[in-house]
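Take a look at the letters that make up each chain.
Number of protein chains: 2
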Amino acid sequence: MRSRRFVSMADTENGAIRYEVTALNFSGSISFCTYIDGDIKNEDSNYDEKFWNILDVNASEGGAYLESQTKKSDFRVGIAMKYRTSVNGKKTQSKPEVIQLAKWVGNKITFELKEGQTACMEKYVGVTSSLNYAADQLKSNAEELASYAYHKGFDQLFTDHQKKWAEKWVHSDIKIKGDVAAQQGIRFNIFHLNQTYTGEDERLNVGPKGFTGEKYGGTTYWDTEAYCVPFFLMTAPPEVTRQLLIYRYKHLPRAIENAEKLGFNKGAALYPMVTANGEECHNEWEITFEEIHRNGAIAFAIHNYIRHTGDKNYLAEYGIEVLVGISRFWSQRITFSEARKKYVMLGVTGPNEYENNVNNNWYTNKMATWCLQYTMESLEYVKQNNPDRFEELVTKLKLNEEHETQRWKDIVAKMHFPFNEELQVHMQQDGFMDKEQLMAADLDPTQRPINQHWSWDRILRSNFIKQADTLQGMYVLEEEFSTEEIERNFNFYEPRTVHESSLSPCVHSILATKIGRIDKAYEMYLRTSRLDLDDYNAEVHEGLHITSMAGTWMSIVEGFGGKRAYDEKLYLNPDIPSQWEEYAFRITFKGNDLEVRVSETEVEIISHAKKTIQLYVYKQLVTVEPQQSQTISR
Amino acid sequence: MRSRRFVSMADTENGAIRYEVTALNFSGSISFCTYIDGDIKNEDSNYDEKFWNILDVNASEGGAYLESQTKKSDFRVGIAMKYRTSVNGKKTQSKPEVIQLAKWVGNKITFELKEGQTACMEKYVGVTSSLNYAADQLKSNAEELASYAYHKGFDQLFTDHQKKWAEKWVHSDIKIKGDVAAQQGIRFNIFHLNQTYTGEDERLNVGPKGFTGEKYGGTTYWDTEAYCVPFFLMTAPPEVTRQLLIYRYKHLPRAIENAEKLGFNKGAALYPMVTANGEECHNEWEITFEEIHRNGAIAFAIHNYIRHTGDKNYLAEYGIEVLVGISRFWSQRITFSEARKKYVMLGVTGPNEYENNVNNNWYTNKMATWCLQYTMESLEYVKQNNPDRFEELVTKLKLNEEHETQRWKDIVAKMHFPFNEELQVHMQQDGFMDKEQLMAADLDPTQRPINQHWSWDRILRSNFIKQADTLQGMYVLEEEFSTEEIERNFNFYEPRTVHESSLSPCVHSILATKIGRIDKAYEMYLRTSRLDLDDYNAEVHEGLHITSMAGTWMSIVEGFGGKRAYDEKLYLNPDIPSQWEEYAFRITFKGNDLEVRVSETEVEIISHAKKTIQLYVYKQLVTVEPQQSQTISR
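Residue numbers (the UniProt record's numbering), protein chains in the order written: chain B, 1 to 634; chain W, 1 to 634.
These are computed hints drawn from the structure, not numbers from a lab. Some clues are possibly wrong.
Identical copies go unnamed one by one, so any copy, or any two together, can satisfy a pair.
To be verified - With a straight-line cut-off of 27 Å between C-alpha atoms, the simulated DSSO-like cross-links for lysine-lysine are:
| no. | residue 1 | residue 2 |
| --- | --- | --- |
| 1 | K72 | K103 |
| 2 | K71 | K50 |
| 3 | K163 | K590 |
| 4 | K72 | K50 |
| 5 | K590 | K152 |
| 6 | K90 | K152 |
| 7 | K266 | K177 |
| 8 | K114 | K610 |
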């Protein structure tokens with residue numbers, strides 16, 4: 001038996017399966033059953049309720065059609081199939097058995113095979129949804145699509161599919177020499193990231209499990225901005241990331257509604273923690289209205305996009321509206337403490353979800369003031385460079401710039417950031433040092449992961465950290481901190497961190513390289529590199545960690561490769577784990593394509609750009625001509 | 001039509017209905033349908049699922065039986081009925097229609113009435129449950145009970161019922177002159193408290209809605225110890241309250257299990273927030289393992305019982321085991337902050353549930369150290385007075401007194417209590433003054449109650465208080481605080497309190513009287529006195545506020561009456577609202593029954609005790625001989 005199946009990267013509404021059976025040591029009859037099954041049970045259903053109504057079933061000789069509808073949201077999907085059969089490459093004409101049940105349609109085909117003969121079936125599917133077609137057009141279009149694929153043929157469909165993938169690999173591949181397992185691990189990740197999101201539709205986003213599992217319901221989290229955006233920014237055309245930003249831009253009215261439900265007003269926007277269409281889909285208070293740092297990641301992604309692509313027009317056209325909404329939220333969410341004579345942010349949950357409802361989470365406070373500052377700079381930029389648009393915004397957003405930014409400036413100037421003078425370390429939150437200070441290394445190994453062995457009570461009250469958000473803040477806003485400061489905080493927080501979020505180790509790996517601890521960085525890298533491939537946590541049945549796969553990619557490019565982009569410039573500071581001989585990656589910066597190869601002794605920069613490129617390698621300016629390379633000794 | 005129905009206070013497994021219809025201006029036929037309906041839908045069912053299976057239905061001429069079973073817990077109830085009919089007092093013999101459906105049994109009886117005649121039906125019911133009978137004995141016993149009532153007859157059943165009630169009224173009535181509405185309000189409450197709990201069965205307790213509504217599912221809360229115990233201690237024989245304590249004693253193993261589930265060990269006990277059988281029934285983390293002050297109320301009820309009844313044997317026999325379990329919990333739950341060099345209690349929710357997951361809730365810290373102290377004193381008492389029992393306890397509880405109490409003493413000595421030096425006020429929790437300090441009086445009245453108008457986000461982050469737990473602590477442990485201190489804290493907290501718990505105003509009313517603000521006390525009293533009768537919050541359909549009714553009683557006796565019991569002595573310090581002419585109440589103290597009458601000009605103490613009683617009125621020692629009275633001028 002041989003089979004090949006794919007959902008085409010080129011013909012995105014088509015899929016195909018080729019199924020071959022060779023009678024090696026017998027002659028006799030063999031039946032194939034080709035079908036569409038609408039009787040699907042989803043994993044998170046309550047009381048075994050099924051989510052789909054079946055609206056249309058139709059089976060005929062040589063094809064079938066099934067149309068289904070989600071019960072609550074009336075999302076409709078039409079699936080049409082056609083197939084051809086052959087024996088030893090010769091088309092067969094035997095009459096199939098046509099089967100049509102209430103939720104199931106198919107054909108059963110019987111072959112009479114002689115010993116040595118191969119029966120083959122090629123099934124072509126066209127899929128349409130009410131996202132793209134009028135409800136009454138689903139069927140005709142699905143059937144046309146199935147027919148199109150049928151006539152194009154399996155081999156041509158597959159060749160087009162391969163070609164499209166090859167283009168993606170040119171730009172996103174990472175090559176690792178001397179470590180086959182690492183090479184396989186990172187390619188597995190890159191494949192899945194590109195498989196999950198192509199950037200062709202601004203209404204789509206990246207779920208933490210992609211399409212590999214039903215956990216998290218395919219909804220969107222801050223993972224997209226914090227982890228996936230850096231990957232797509234570096235490996236795909238700018239339009240791909242831009243679509244992810246537009247996704248949030250289009251949801252801005254919903255984010256404003258979401259904030260209004262909580263009592264905010266005047267255009268304050270709180271993006272949902274979890275969403276499918278802009279509405280909040282999570283249902284726990286300690287997350288929905290306390291884990292508000294997501295607003296920071298969404299704002300930062302705009303900055304990140306612009307600094308990598310140079311597309312400053314995005315700011316005036318779209319970004320600024322999102323930034324103003326988010327800044328208005330922070331401005332209302334932050335209150336003034338008369339007792340401290342400082343601004344404070346009470347009752348939040350940081351990325352370290354092993355703390356709930358804390359006061360003055362350092363990361364959230366930091367991101368909030370960054371947002372306010374960046375929004376003010378952006379407003380200034382738009383005013384200077386696009387005064388007409390600025391006037392338009394004043395009206396559209398009911399913007400009173402002077403009045404609003406006055407408070408924003410005051411908050412930036414007087415925000416309270418918890419700090420421990422004795423240790424000279426930023427404190428994750430108020431009162432963190434009141435906790436018993438224990439080290440993760442001293443935990444009984446049989447008690448780990450603690451989230452599978454400890455009560456939530458014990459976890460919440462312990463000082464153990466799911467992912468160190470203070471360090472996350474230093475990663476995001478690295479320019480603001482000296483290496484010594486990062487090192488001091490890393491040495492305080494990392495030993496208290498149990499890394500029980502798949503999003504945790506990558507950030508720690510990147511910072512560990514930054515402070516010269518390449519072995520620690522490699523240890524952290526290993527915790528994510530083959531997380532799903534080797535099923536470390538015995539949870540792959542729930543789906544792959546798609547968004548943390550982007551984190552693994554970051555561990556290599558931003559961690560070992562030391563890639564940075566700020567002040568309009570590109571920086572590389574490559575290191576290499578002693579376990580590797582060499583590694584190479586590609587990055588795109590402001591439309592220019594560079595290949596970076598790092599070995600123990602040298603760094604080679606190969607330009608695929610059309611113009612002269614300047615970048616900093618180990619803080620030294622390097623100039624590379626088009627299609628040329630430069631080698632720097634390590 | 002005339003009807004009378006009652007569940008008998010004397011024959012506690014019987015109920016009866018008398019239904020009379022007089023044909024005033026016609027002659028004709030009238031049908032009565034008498035039935036038992038097992039097809040009950042409970043209000044908190046999911047997906048309209050019914051909770052009951054029907055195991056047996058049986059209808060015959062003159063009677064019927066129905067047996068049902070709860071689906072999950074196999075609790076069984078058998079109900080048998082018999083009835084008799086008459087016209088103008090003369091027994092009728094007409095043949096009924098016997099109706100038996102799958103979940104419904106009954107008889108339909110038709111009378112031919114002449115103008116002026118009265119048809120009467122008396123229905124007698126016997127109810128048995130698997131709490132008291134073997135499953136296969138439910139039917140025979142229910143039928144015997146119905147038969148017993150049938151033969152006793154309606155009038156005799158009612159007379160016995162009345163007699164039993166009259167005894168209760170003698171001891172628990174409060175008489176108010178000059179305010180009919182207040183008189184009706186407090187009697188309504190006293191009736192419901194006695195109707196709900198009689199103290200005959202140690203397996204039963206008091207649900208916040210009693211039997212008047214399904215909300216809270218009939219389960220037990222800390223309301224029992226904090227509010228109902230004081231009522232029953234003063235108005236009923238000591239055995240009644242003792243049963244409430246035994247209820248918790250019997251649940252001690254479950255409380256230890258509950259703590260073990262959270263990671264505590266060595267006999268630490270955490271009583272559930274909500275329970276039916278000792279297991280935790282609540283399902284929100286911020287309540288189940290954070291609202292742990294309930295442990296304090298359960299310990300304090302032991303002390304309260306002993307100081308009122310003098311029954312010190314209870315301590316050695318039962319109380320001490322509960323106290324040790326609770327103290328072990330506090331000892332493990334409290335941790336040492338190296339930063340403060342103080343013990344702290346992190347991540348709790350106080351009685352003020354408008355704050356969640358706070359650090360060092362003053363009330364909880366206070367109750368915890370009180371528990372440790374009282375447990376140590378109690379251990380000492382048992383050791384001195386009952387050394388055999390003490391030795392038994394050492395074995396049973398694996399008690400290492402010296403070792404364990406060493407830490408308890410250290411906690412008592414070094415506990416952190418948030419305090420604001422500038423205001424000289426105890427702080428509800430760490431960081432309370434970081435909140436915007438707003439006053440309830442300044443709230444837009446259309447926004448109240450805030451829990452019906454504001455998001456949970458807004459409520460949690462505001463400084464508004466559901467019930468002021470700092471003041472609750474001062475109420476419970478009043479001896480520890482000077483009147484000035486109470487006044488200072490009252491003046492700080494009460495204006496920030498929205499009293500959106502029905503348990504809130506009574507405590508504030510009591511303290512307001514204490515600090516000489518009788519008008520404020522009366523204002524607070526009015527908020528609870530007719531809460532259900534006048535349906536202030538349009539929520540009576542959910543059931544009555546049974547436990548807060550005890551609080552209203554306390555507002556009069558402990559508030560206006562100034563009743564206190566400490567250091568083995570009884571104190572009265574009566575005041576009277578200007579709206580009242582006179583009020584009178586009865587209290588029991590160490591088995592002696594006193595009547596107290598308060599008017600604008602005098603206080604009269606009438607003794608119904610068998611021996612000479614000494615008490616303090618306005619701090620002066622008063623001696624009252626048996627069946628005598630003493631009058632003190634005001």
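Here is how each hint holds up against the structure:
Taking CA atoms no more than 27 Å apart as the test, K72 paired with K103 passes inside one copy only; the shortest distance there is 18 Å, against 34 Å between copies. Taking the shortest alpha-carbon separations for K71 and K50, both the intra-copy value of 9 Å and the inter-copy value of 25 Å come in at or below 27 Å. Taking the shortest alpha-carbon separations for K163 and K590, only the intra-copy value of 25 Å comes in at or below 27 Å, while the best inter-copy value is 93 Å. Within a single copy, K72 and K50 get their C-alpha atoms as close as 11 Å, and across copies as close as 25 Å, so both meet the 27 Å cut-off.
For the identical chains of this complex, K590 and K152 are neighbours neither inside a copy (38 Å) nor across copies (98 Å), given an alpha-carbon limit of 27 Å. Taking CA atoms no more than 27 Å apart as the test, K90 paired with K152 passes inside one copy only; the shortest distance there is 17 Å, against 97 Å between copies. Taking the shortest alpha-carbon separations for K266 and K177, neither the intra-copy value of 56 Å nor the inter-copy value of 55 Å comes in at or below 27 Å. Taking the shortest Cα distances, K114 and K610 never come within 27 Å of each other, neither inside one copy (60 Å) nor across copies (112 Å).
Checked against the numbered hints listed earlier, the structure breaks hints 5, 7, 8; every other hint is satisfied.
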